[in-house]
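First to last, the protein sequences are chains A and B.
Going left to right, the first sequence walks through residues 1 to 113 as this note's numbering numbers them.
Going left to right, the second sequence walks through residues 114 to 230 as this note's numbering numbers them.
It should be emphasised that the hints constitute simulated quantities derived from the structure, not laboratory data.
Among the hints, erroneous ones may be present.
Result set (EDC-like, lysine to aspartate or glutamate): computed pairs, CA atoms no more than 20 Å apart in a straight line [stated by the list, open to error]: (1) K217/B / D115/B; (2) K22/A / E155/B; (3) K190/B / E176/B; (4) K217/B / E44/A; (5) K41/A / E155/B.
Computed from a predicted model, the values in this text were never measured in an experiment.
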Amino acid sequence: ETGVTQTPRHLVMGMTNKKSLKCEQHLGHNAMYWYKQSAKKPLELMFVYSLEERVENNSVPSRFSPECPNSSHLFLHLHTLQPEDSALYLCASSQDRGSQEQYFGPGTRLTVT
Amino acid sequence: GDSVTQMEGPVTLSEEAFLTINCTYTATGYPSLFWYVQYPGEGLQLLLKATKADDKGSNKGFEATYRKETTSFHLEKGSVQVSDSAVYFCALSPSRAGGTSYGKLTFGQGTILTVHP
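Put together the whole structure using the sequences plus the hints.
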């Protein structure tokens with residue numbers, strides 16, 4: 001595969017569940033990002049990883065926990081979410097943190113019931 | 114802080130009509146400006162970009178000119194097609210003078226475009 005892939009594409013979970021979103025990039029990039037896309041709101045940057053180190057956390061609640069085991073993989077671990085967390089979660093990567101061009105995955109559509 | 118404002122949608126056009134989606138921004142220094150497109154069921158794709166004042170970005174028949182004096186980066190296409198139906202996002206990234214924010218994208222809220230045959 002090429003580009004940025006995300007799994008699963010759709011996820012429905014209850015508020016007491018624990019699940020994980022996965023992102024993989026095949027571009028040899030060093031920076032990876034998680035964004036939240038809600039209806040009628042601008043994309044919200046959640047986390048930034050550069051060379052596997054978290055370099056930015058935009059006041060995201062602790063029920064979202066990112067993990068970057070290597071430069072190609074990024075996870076978002078979810079637990080005790082709220083219905084307002086339902087959204088499209090997008091992963092992106094760039095050559096490095098200072099690169100202005102980001103490549104996005106197709107997203108995971110999350111519904112919290 | 115930095116911000117991007119796009120015209121409210123949705124925008125509905127007939128095939129071959131002229132398209133304009135307005136975008137204005139607020140930022141210090143000289144940011145780079147981008148248009149991203151999101152087709153149904155897909156992630157965002159970079160459509161075009163401009164990195165300095167008076168630059169014109171272009172791709173797939175779309176154009177946008179970086180206007181420093183009006184802090185704008187309006188997207189235009191002379192003749193839209195049904196396949197152009199998507200959500201369009203204007204975004205900016207600070208200049209290197211922006212310090213640690215360099216490379217960080219700030220997005221507008223998106224404009225839904227629907228093109229009918």
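Taking the hints in turn, this is what the structure says about them:
For the hint pairing K217/B with D115/B, the CA-to-CA distance comes to about 10 Å; that is within 20 Å, so the pair holds. Annotation: proposed proximity of K22/A to E155/B holds, straight-line Cα distance about 16 Å (limit 20 Å). This hinted pair checks out: K190/B and E176/B have alpha carbons roughly 6 Å apart, not beyond 20 Å. With a C-alpha separation of about 11 Å, the suggested pair K217/B and E44/A falls inside the 20 Å cut-off, and the hint holds.
For the suggested pair K41/A and E155/B, the alpha carbons sit about 17 Å apart, so the restraint of at most 20 Å is met.
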